[in-house]
Amino acid sequence: DGGITQSPKYLFRKEGQNVTLSCEQNLNHDAMYWYRQDPGQGLRLIYYSQIVNDFQKGDIAEGYSVSREKKESFPLTVTSAQKNPTAFYLCASALSYNEQFFGPGTRLTVL
Amino acid sequence: AQKVTQAQTEISVVEKEDVTLDCVYETRDTTYYLFWYKQPPSGELVFLIRRNSFDEQNEISGRYSWNFQKSTSSFNFTITASQVVDSAVYFCALSEAFGNQFYFGTGTSLTVIP
Numbered sequence: 001d002g003g004i005t006q007s008p009k010y011l012f013r014k015e016g017q018n019v020t021l022s023c024e025q026n027l028n029h030d031a032m033y034w035y036r037q038d039p040g041q042g043l044r045l046i047y048y049s050q051i052v053n054d055f056q057k058g059d060i061a062e063g064y065s066v067s068r069e070k071k072e073s074f075p076l077t078v079t080s081a082q083k084n085p086t087a088f089y090l091c092a093s094a095l096s097y098n099e100q101f102f103g104p105g106t107r108l109t110v111l
Numbered sequence: 001a002q003k004v005t006q007a008q009t010e011i012s013v014v015e016k017e018d019v020t021l022d023c024v025y026e027t028r029d030t031t032y033y034l035f036w037y038k039q040p041p042s043g044e045l046v047f048l049i050r051r052n053s054f055d056e057q058n059e060i061s062g063r064y065s066w067n068f069q070k071s072t073s074s075f076n077f078t079i080t081a082s083q084v085v086d087s088a089v090y091f092c093a094l095s096e097a098f099g100n101q102f103y104f105g106t107g108t109s110l111t112v113i114p
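Same order as they appear, the protein sequences are chains A and B.
Under our numbering, the first residue of the first sequence carries the number 1, and numbering increases by one thereafter.
Under our numbering, the first residue of the second sequence carries the number 1, and numbering increases by one thereafter.
Chain A on its own, in the form it takes in the complex (with noise of 0.2 Å):
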């Protein structure tokens, strides 16, 4: 079946740690996104990729880095700097202007 799988589903780092959020699609997709959901509140984007090997920023990327090695990953690394990193993290992928599918998302807590 076509999707978008992120693992884990939860995790937990200790303050200090980094640690990778893994993001996989089989859609073909050109694009992929992460974003960052905190309780009650929106989505709130963290990186973007349109093509392999390119990225971009979104509005709240310090603390977060990405790469996009392959059309179908696009992991995220929630670094030491990141100073409230507990949250609900989702990962999406689309075509040009067409509707974004999301992963089942990863809850990271820090310790």
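No lab work stands behind these hints: they were computed from the structure.
Check before you lean on any hint, since a few could be wrong.
Stated by the list, open to error - Subject to a maximum C-alpha distance of 25 Å in a straight line, what follows is the list of computed DSS-like cross-link-like pairs (lysine-lysine):
(1) A:Lys57 to B:Lys3
(2) A:Lys9 to B:Lys3
(3) A:Lys70 to A:Lys57
(4) A:Lys57 to A:Lys83
(5) A:Lys71 to A:Lys57
Chain B: place on chain A using the hints.
Positioned in the frame of chain A, the structure of chain B alone reads:
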């Protein structure tokens, strides 16, 4: 500036009531796309509808209907005869023709009371 405004933060209705979720958008592009997504408690966003700026026809899909009015920059979503399974957060979004960014509203949390 906020490109998509969902002024209703939370709505509660009793089952079988109709409910309308408001969405107002802002763009200078003549070509753009509007979307609605549903986020159930599980967290994953589910796509509901896509509308392009040249198609102002209202759309109905079962109990769901959408009213797109360019004159008021609104793209409202109505659920007829609401059910408990409709309880979720609903997001309206805008995509402009240039650039691949989506702009999401802050969402409306709908609770349907049995």
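Going through the hints against the structure:
no.: 1; hint: A:Lys57 to B:Lys3; verdict: holds (18 Å)
no.: 2; hint: A:Lys9 to B:Lys3; verdict: violated (31 Å)
no.: 3; hint: A:Lys70 to A:Lys57; verdict: holds (18 Å)
no.: 4; hint: A:Lys57 to A:Lys83; verdict: holds (18 Å)
no.: 5; hint: A:Lys71 to A:Lys57; verdict: holds (18 Å)
Violation of the numbered hints given earlier is confined to hint 2; every other hint is satisfied by the structure.
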